[in-house]
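Residue numbers (our numbering), protein chains in the order written: chain L, 3 to 346; chain F, 3 to 346.
Be a bit skeptical, because a hint or two may be false.
Put simply, identical chains are the same to the list, so a pair is met inside one copy or across any two.
Straight-line alpha carbon distances no greater than 25 angstroms define the calculated SDA-like cross-link-like pairs of lysine to any residue that follow [what the hints assert, rightly or not]:
1) K201 to A90
2) K201 to E60
3) K207 to D166
4) K207 to A85
Because the hints were derived from the structure by calculation, they are not lab data.
The structure presented is a predicted model; accordingly, all values stated were derived computationally and were not measured.
There are 2 protein chains.
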Amino acid sequence: MAPDRRPDRHPDGRVVVALDAMGGDRAPGEIVAGAVAAVREVGCDILLVGRAAEIRAELPDGIPDGIHLLDASEVIEMAEEPAGAVRAKRDSSIVRAAEAVRDGRAHAFVGAGNTGATMAASLLRFGRLRGVARPAIAVPLPLALSERKLLLVDGGATTDPEPDWLVQWAKLGRAYATVRYGNPAPSVGLLSNGEEPGKGDDLRKAVFPLLEDSVTGFVGNVEGRDLSRPTADVLVTDGFTGNVALKTLEGGMLAMAGLVFTVLDEPEFADLAGPLRLRLLEAAADFLPDNTGGALLLGVQGICVISHGSSSAAAIVNAVRVAVQCVEADVVAAQQAAVERVPA
Amino acid sequence: MAPDRRPDRHPDGRVVVALDAMGGDRAPGEIVAGAVAAVREVGCDILLVGRAAEIRAELPDGIPDGIHLLDASEVIEMAEEPAGAVRAKRDSSIVRAAEAVRDGRAHAFVGAGNTGATMAASLLRFGRLRGVARPAIAVPLPLALSERKLLLVDGGATTDPEPDWLVQWAKLGRAYATVRYGNPAPSVGLLSNGEEPGKGDDLRKAVFPLLEDSVTGFVGNVEGRDLSRPTADVLVTDGFTGNVALKTLEGGMLAMAGLVFTVLDEPEFADLAGPLRLRLLEAAADFLPDNTGGALLLGVQGICVISHGSSSAAAIVNAVRVAVQCVEADVVAAQQAAVERVPA
């Protein structure tokens, strides 16, 4: 990592987060509101990147202390083809925000827009870490009624990986689990179609011995159920399977929650439905996408935190908080060390 | 299909189901109890395959009408490596049950034991359908508060498929959706990491145009969420991804249900917790593994229905019911016609 991007190089010691003001279904309103709240609640500065006039319109009382603006004339839409959009729209908020980190104007990039474009711009502008072939996205998985969190790596950055890329991701994921959750010795599982060592498709069978040989904390194959229970802290998979699993998990939990709430609408349960609904929402709060804090792009020479497409102001605050935590713990250096370290 | 396996060839017109009496965590007790109940409730005959002495011990009042015994001295355990076990244990209940179907002594095979061995024995003893390269397993997916059911194909029979195998599975899945759910025109989705036509890993990108060209009812890419909502009736995927998705779905729904039931234990909700629990269990009954009726092995010249490993007697009755339905609708002929039909 270039020294000018290290947090201790910033003039007044405050962390600066570049935030894509145009990204997400609720941009720019919720994003700008999230920026203002993050300055207050997280205690960092925010560089709002996007169409300055539209951003100013969301701040009728002027630009608050701690908020800075970086004008960018273009917007990459949610449905655009990522790589092409990043190439074509060089003055887009996503590209400019990634460049702000590359150029040392900000310590981290937070975006809720086109996920593929946010990843592609970060990869292209930050560059890869030494020894990392492709990036991966680390998606936090809450567990019901537990403080413990898991990380799924890769949640969708890279499909069709080579076996050794998953080894790199396992190491990066461990480093990040330590930074984000304070876990000094995260365990790693290989997401497969059975627990026995011989299980898996061709990719998994090739990856398993590599993980055994070179990843500390490897516990073997894990299954889809282990996205919902604490078998391993880091679950490694290819970006295709990871994406399918994440959306399957979300869909299944929503379906079950929907079933419960529909039953609570029945007249028989009217007396308790109100308080029970509130209590259930509270107990399930960790699962609301606004509360997960976003996903980190692993394997690149800079910090990029991706929040979900319908992020509210609260989601932005949580994602900014994760980004600042990553800056303060120097998660990039921790990742670089993890892939360069030779296991004992 | 050989004529002697057709249902109309059976002497007295009753369907005979070969049931692996030794298969599953609760065998032989629950399996034998399920057989007795199935004769009464489904109206078929059952050929119980396994160690005759152990089966007889479960029937202290003698062998009821409609129950027949086929002695098999060996048992393939749940954790055994499937292909090796099928080769080595030629007198196992699984191999003998598959042979009973092949030899025309039974119309269908139902097993709750080692899934891999049940599939391997059926594949080896029945043989493949013409035009089918590899089998796939069709797993029923209930939807919350809906009568509509989906089928996931392949739920785990074949990892690392060639692109055209998924096309065959799509056709087989459609034929089966028609038999099992009476759906005259099932839609087909390709499980991918995004809805846009360009999404997917290399396999998905190769399969997509083939499905477009040759599968009626193809609606394009679907996502993990579409395992829990009615976007497509048949979801086609490779057996690795399918297995991960199924277990992820199960884990997520169980986690959410567990959270709800834990909250209901709180003193504040004691008044309604009892009736609400019952009502929730009733509303979610379709999701209980005992109630899905089992999964059908597609692409083979015979009927093999696989029930889950902890099957109760009720699960066995449901699986036998599905098997009989498959016999009566001649699902093997329907599958053969589907893969041989050239689309208009």
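Here is how each hint holds up against the structure:
no.: 1; hint: K201 to A90; in the structure: between (43 angstroms within a copy, 20 angstroms between copies)
no.: 2; hint: K201 to E60; in the structure: neither (54 angstroms within a copy, 35 angstroms between copies)
no.: 3; hint: K207 to D166; in the structure: both (12 angstroms within a copy, 23 angstroms between copies)
no.: 4; hint: K207 to A85; in the structure: between (31 angstroms within a copy, 17 angstroms between copies)
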